[in-house]
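Here the protein sequences come in this chain order: V and G. Residue numbers for the first sequence follow the working numbering, beginning at 146 and rising by one. Residue numbers for the second sequence follow the working numbering, beginning at 146 and rising by one.
Derived from the structure by calculation, the hints contain no laboratory data. None of the values given here were measured: they were computed from a predicted structure. Hints are supplied without guarantee of correctness; some may be wrong.
To be verified - Simulated pairs of lysine-lysine, DSS-like, Cα-Cα distance not exceeding 25 Å: (1) Lys632/G x Lys183/V; (2) Lys401/G x Lys404/V; (3) Lys287/V x Lys247/G; (4) Lys620/V x Lys167/G; (5) Lys362/G x Lys154/G; (6) Lys435/G x Lys236/V; (7) Lys205/G x Lys620/V; (8) Lys604/G x Lys566/G; (9) Lys247/G x Lys248/V; (10) Lys283/G x Lys283/V.
2 protein chains.
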Amino acid sequence: MELKTRILKWSAGVPVAMIGIKTAEAMGVHENDRVSIKKIDSAEPKDFLTVINIADKIVKEGEIGISSEIQESFNLKKNQRVEVNIANSPKSLDYIRKKIDKKELSKKEIKEIINDIVNNSLSEPEIAMFVSGMYENKMTFKETINLIESFVESGEKLSFKGKYIADKHCIGGIPGNRTTPIVVSICAAAGLTFPKTSSKAITSAAGTADVIESIAKIEFSTKELHEIIEKTGAFMIWGGSIELVPADSKIIRIEKMLKIDPHAQLLASIISKKLAVGSKYVLIDIPYGKNAKVDFKQGLELKESFEKYGKYFKLHLKAVLTKGSEPIGNGVGPFLELLDIIKVLNPYEKGPEDLKNRSVFLSGQLLELTKKAKKGEGEKIAEEILKSGKAFNKFQEIISAQKGSIKNISLGKFKKDMLAKSTGEINGINNKKINMLARVAGCPTDKASGLYIHHHVGKKVKKGDKILTIYSESKPRLLEAIKYYNKEKPIEISK
Amino acid sequence: MELKTRILKWSAGVPVAMIGIKTAEAMGVHENDRVSIKKIDSAEPKDFLTVINIADKIVKEGEIGISSEIQESFNLKKNQRVEVNIANSPKSLDYIRKKIDKKELSKKEIKEIINDIVNNSLSEPEIAMFVSGMYENKMTFKETINLIESFVESGEKLSFKGKYIADKHCIGGIPGNRTTPIVVSICAAAGLTFPKTSSKAITSAAGTADVIESIAKIEFSTKELHEIIEKTGAFMIWGGSIELVPADSKIIRIEKMLKIDPHAQLLASIISKKLAVGSKYVLIDIPYGKNAKVDFKQGLELKESFEKYGKYFKLHLKAVLTKGSEPIGNGVGPFLELLDIIKVLNPYEKGPEDLKNRSVFLSGQLLELTKKAKKGEGEKIAEEILKSGKAFNKFQEIISAQKGSIKNISLGKFKKDMLAKSTGEINGINNKKINMLARVAGCPTDKASGLYIHHHVGKKVKKGDKILTIYSESKPRLLEAIKYYNKEKPIEISK
Numbered sequence: 146m147e148l149k150t151r152i153l154k155w156s157a158g159v160p161v162a163m164i165g166i167k168t169a170e171a172m173g174v175h176e177n178d179r180v181s182i183k184k185i186d187s188a189e190p191k192d193f194l195t196v197i198n199i200a201d202k203i204v205k206e207g208e209i210g211i212s213s214e215i216q217e218s219f220n221l222k223k224n225q226r227v228e229v230n231i232a233n234s235p236k237s238l239d240y241i242r243k244k245i246d247k248k249e250l251s252k253k254e255i256k257e258i259i260n261d262i263v264n265n266s267l268s269e270p271e272i273a274m275f276v277s278g279m280y281e282n283k284m285t286f287k288e289t290i291n292l293i294e295s296f297v298e299s300g301e302k303l304s305f306k307g308k309y310i311a312d313k314h315c316i317g318g319i320p321g322n323r324t325t326p327i328v329v330s331i332c333a334a335a336g337l338t339f340p341k342t343s344s345k346a347i348t349s350a351a352g353t354a355d356v357i358e359s360i361a362k363i364e365f366s367t368k369e370l371h372e373i374i375e376k377t378g379a380f381m382i383w384g385g386s387i388e389l390v391p392a393d394s395k396i397i398r399i400e401k402m403l404k405i406d407p408h409a410q411l412l413a414s415i416i417s418k419k420l421a422v423g424s425k426y427v428l429i430d431i432p433y434g435k436n437a438k439v440d441f442k443q444g445l446e447l448k449e450s451f452e453k454y455g456k457y458f459k460l461h462l463k464a465v466l467t468k469g470s471e472p473i474g475n476g477v478g479p480f481l482e483l484l485d486i487i488k489v490l491n492p493y494e495k496g497p498e499d500l501k502n503r504s505v506f507l508s509g510q511l512l513e514l515t516k517k518a519k520k521g522e523g524e525k526i527a528e529e530i531l532k533s534g535k536a537f538n539k540f541q542e543i544i545s546a547q548k549g550s551i552k553n554i555s556l557g558k559f560k561k562d563m564l565a566k567s568t569g570e571i572n573g574i575n576n577k578k579i580n581m582l583a584r585v586a587g588c589p590t591d592k593a594s595g596l597y598i599h600h601h602v603g604k605k606v607k608k609g610d611k612i613l614t615i616y617s618e619s620k621p622r623l624l625e626a627i628k629y630y631n632k633e634k635p636i637e638i639s640k
Numbered sequence: 146m147e148l149k150t151r152i153l154k155w156s157a158g159v160p161v162a163m164i165g166i167k168t169a170e171a172m173g174v175h176e177n178d179r180v181s182i183k184k185i186d187s188a189e190p191k192d193f194l195t196v197i198n199i200a201d202k203i204v205k206e207g208e209i210g211i212s213s214e215i216q217e218s219f220n221l222k223k224n225q226r227v228e229v230n231i232a233n234s235p236k237s238l239d240y241i242r243k244k245i246d247k248k249e250l251s252k253k254e255i256k257e258i259i260n261d262i263v264n265n266s267l268s269e270p271e272i273a274m275f276v277s278g279m280y281e282n283k284m285t286f287k288e289t290i291n292l293i294e295s296f297v298e299s300g301e302k303l304s305f306k307g308k309y310i311a312d313k314h315c316i317g318g319i320p321g322n323r324t325t326p327i328v329v330s331i332c333a334a335a336g337l338t339f340p341k342t343s344s345k346a347i348t349s350a351a352g353t354a355d356v357i358e359s360i361a362k363i364e365f366s367t368k369e370l371h372e373i374i375e376k377t378g379a380f381m382i383w384g385g386s387i388e389l390v391p392a393d394s395k396i397i398r399i400e401k402m403l404k405i406d407p408h409a410q411l412l413a414s415i416i417s418k419k420l421a422v423g424s425k426y427v428l429i430d431i432p433y434g435k436n437a438k439v440d441f442k443q444g445l446e447l448k449e450s451f452e453k454y455g456k457y458f459k460l461h462l463k464a465v466l467t468k469g470s471e472p473i474g475n476g477v478g479p480f481l482e483l484l485d486i487i488k489v490l491n492p493y494e495k496g497p498e499d500l501k502n503r504s505v506f507l508s509g510q511l512l513e514l515t516k517k518a519k520k521g522e523g524e525k526i527a528e529e530i531l532k533s534g535k536a537f538n539k540f541q542e543i544i545s546a547q548k549g550s551i552k553n554i555s556l557g558k559f560k561k562d563m564l565a566k567s568t569g570e571i572n573g574i575n576n577k578k579i580n581m582l583a584r585v586a587g588c589p590t591d592k593a594s595g596l597y598i599h600h601h602v603g604k605k606v607k608k609g610d611k612i613l614t615i616y617s618e619s620k621p622r623l624l625e626a627i628k629y630y631n632k633e634k635p636i637e638i639s640k
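The shape of chain V in the complex, shown without the other chains (with noise of 0.2 Å):
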């Protein structure tokens, strides 16, 4: 049926579109069901699908209102005449079914699904099926090559000039590990090329994507990309920005919700980026031990894995272990990261030594991988590289380039120190209770709500002290984060 948009600013947080209670039944759609939009006098082919809601007033008979999500995935303007009809459910869910009947997904199968997140044909109750299936039944070697291979395929790709085009990713979980920011600086600071391409939280209290999108835009065009690696060697993008991978984001989603994050999506997600931009130098960065994603023989076994996979794909790729028992420096949340971030990267303040020497370590990785270290060399040269104050250039540089600055950082405007109840000495912070209390104060999207830790673990210190400082920017958060705090007690100090 022909209908006119009307758009709405509405946002459900997924594509949703509304029409009205006489044309649904002239339709013959009830609501929740899918539809699929086109546009009527463009020469775009694809349909556009979404689930539909039905109401009385808000839209007239012979409009469908367009939610916020729907007008900027899809570009539709005012008034614009669309053909909207009744879509079944795809064929892709069959094939769900039929991995969580433990069979194995063939090529055609696992594409077919991807795209049909892709273009929206699939519900999220239905993408939450997948991640079910992906997680407790696992994917083989060859429906994870399939999965990597149908994202990268589903999207945009690519390529830079230059020789050593490297790339690092950190499979998360560690609060204020936010070394990618100091580890580009230094590496494009020492000649690599590196268009990085992050993501947004899915489980923690910030994504690298998140960091940077506080202080810089982190959305570009292709060409925009070109230009700014071209100026500095490097960026430092959000990956779900530039349809590299489109299902991706998609699915992350979900997992967010579901707060689970299996085997076979964590490595698709992570490789099929890294073939998206052309990387031929990866470095792998796995967090292990109490409270990471990890312990040690899991990380081993991811370590296996990313290389398995990389070599597949022909990269260059290594994966380190690194200990992950708790977090890293001292800020949690965007703002409060940056700033550790700004103290180390500056030859003339003093920051967080453990984000420090982990950045060091990490570049130093990359230096040997791509050559342009002797081996043994590497962290030698990285920290050279930090204490001259070209890393700290070079990142100043690459946030001008994505119209940035690092001038505009402040702190939410509720605060609360939270002080040790007893003399003692700090005997364990708990990863997942910091992320969840940094979540709950506003994480990952108020960028100045976050927590300050004041201690690691083995300090002691006296009844009274402060251990941790929570910033949010509504007061509600701030105390829902209180209360979580006193509940969960994410710190312990022995007697």
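Here the structure of chain V is known, so what remains is to put chain G in place on it, guided by the hints.
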């Protein structure tokens, strides 16, 4: 934060609420977050949980827009003062993850999941993960017992006078297999008390509740239900209506979307409802065969399961296997099935033999189980009751007590006869494709839509003979159905 309600005639299929951009900022709420709504000036202790949409202009700042689903289940008035707060993801999400980690859940954990489904704390993708988990990892005997008990404890319980409280249930999957109204009428005429709750269609074209709803009310208060039983000895209502097992409808909604039906959930859904209405004598009908939900072996396993759980809960429960390789009767869809039922019940008409024989068989089994008939004589007595017109009278009595009438049955405005393309013998009718075809035509929501199957398997037809008629209430749905029919060919003719 205190907000005032605005009632929106807005239906998304799930509970949703809408607030303005500034209100969202002040609360620190992001789109798709969960909030709790609590009535101020009300003794009602229960919060209602919902996901939030953010919109400009549709609601004023300081207001919360309420969807039809919330209004119905939480009974809110316009301009009502409510306290709205951020709600974090519930503890029960951890238990769901535990299940997909292949671990056994305790009674406490299952109970909390079920309660959180009931009070809306778990979102649809989260429930989808639970359903996938039950499907993939199965539930142990103990878990299933706990699931059944949690279901029963989460809802209301009914209790009727009378020694012979009987019930029947069919696991479904066979189009047109609408024996329930006939069996209920025969057994109630024979003196059994028959408080029948039925579900709406999950994957089929219609459930008994959809069929009865097309001519009578299927939602009543507890008081009204007692009055109907007092008067007629039976009722046929929608199980989802009386909050007997409120979690069940929400889980079934997701199963419908995912098109899976886990074993434990199937057992728990059925047995919990029999327990909640106080049934003592229960007959379970398990159709098996090609294109049925189960094959013979799976049917036997299911029979054993049902009888095992029945025994645990001290029910006189018998499960029978019936052939289910093709549709029963001629009609598929609410009104079309009713026409078949009335023809079987009315002693002056001739209804489909297969539907009649099956109904007599099941009635006979129940009469023997309750000792209303001697072993081997149940069918004879059932047949006599049918012939005498007593069952037809009883049926009309029940429908009239449920404020309905059998007079207003009409068929879809749009119809299309599908003709045999060649001369030959019908050698297969695919249940799943027939169900899907009827759904495409508008079933179960559009009562007058559906299919008339002119012949059964084994019948010889000539080229040009009518083999199927499609009815629909909307032109686009009819066209979609014709397209589906031509593509999927649900009826096979051998040459």
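Structure-based check of all given hints:
1. Lys632/G x Lys183/V: Status holds; Cα separation ~23 Å.
2. Lys401/G x Lys404/V: 24 Å, holds
3. Lys287/V x Lys247/G: It holds: about 24 Å lies between the C-alpha atoms, which stays within 25 Å.
4. Lys620/V x Lys167/G: Holds - the C-alpha atoms of Lys167/G and Lys620/V are around 14 Å apart, at most 25 Å.
5. Lys362/G x Lys154/G: 23 Å, holds
6. Lys435/G x Lys236/V: 21 Å, holds
7. Lys205/G x Lys620/V: Measuring from Cα to Cα gives roughly 22 Å; hence the hint holds.
8. Lys604/G x Lys566/G: 15 Å, holds
9. Lys247/G x Lys248/V: Holds. Lys247/G to Lys248/V sits at ~17 Å (cutoff 25 Å).
10. Lys283/G x Lys283/V: 17 Å, holds
Checked against the numbered hints above, the structure violates none of them.
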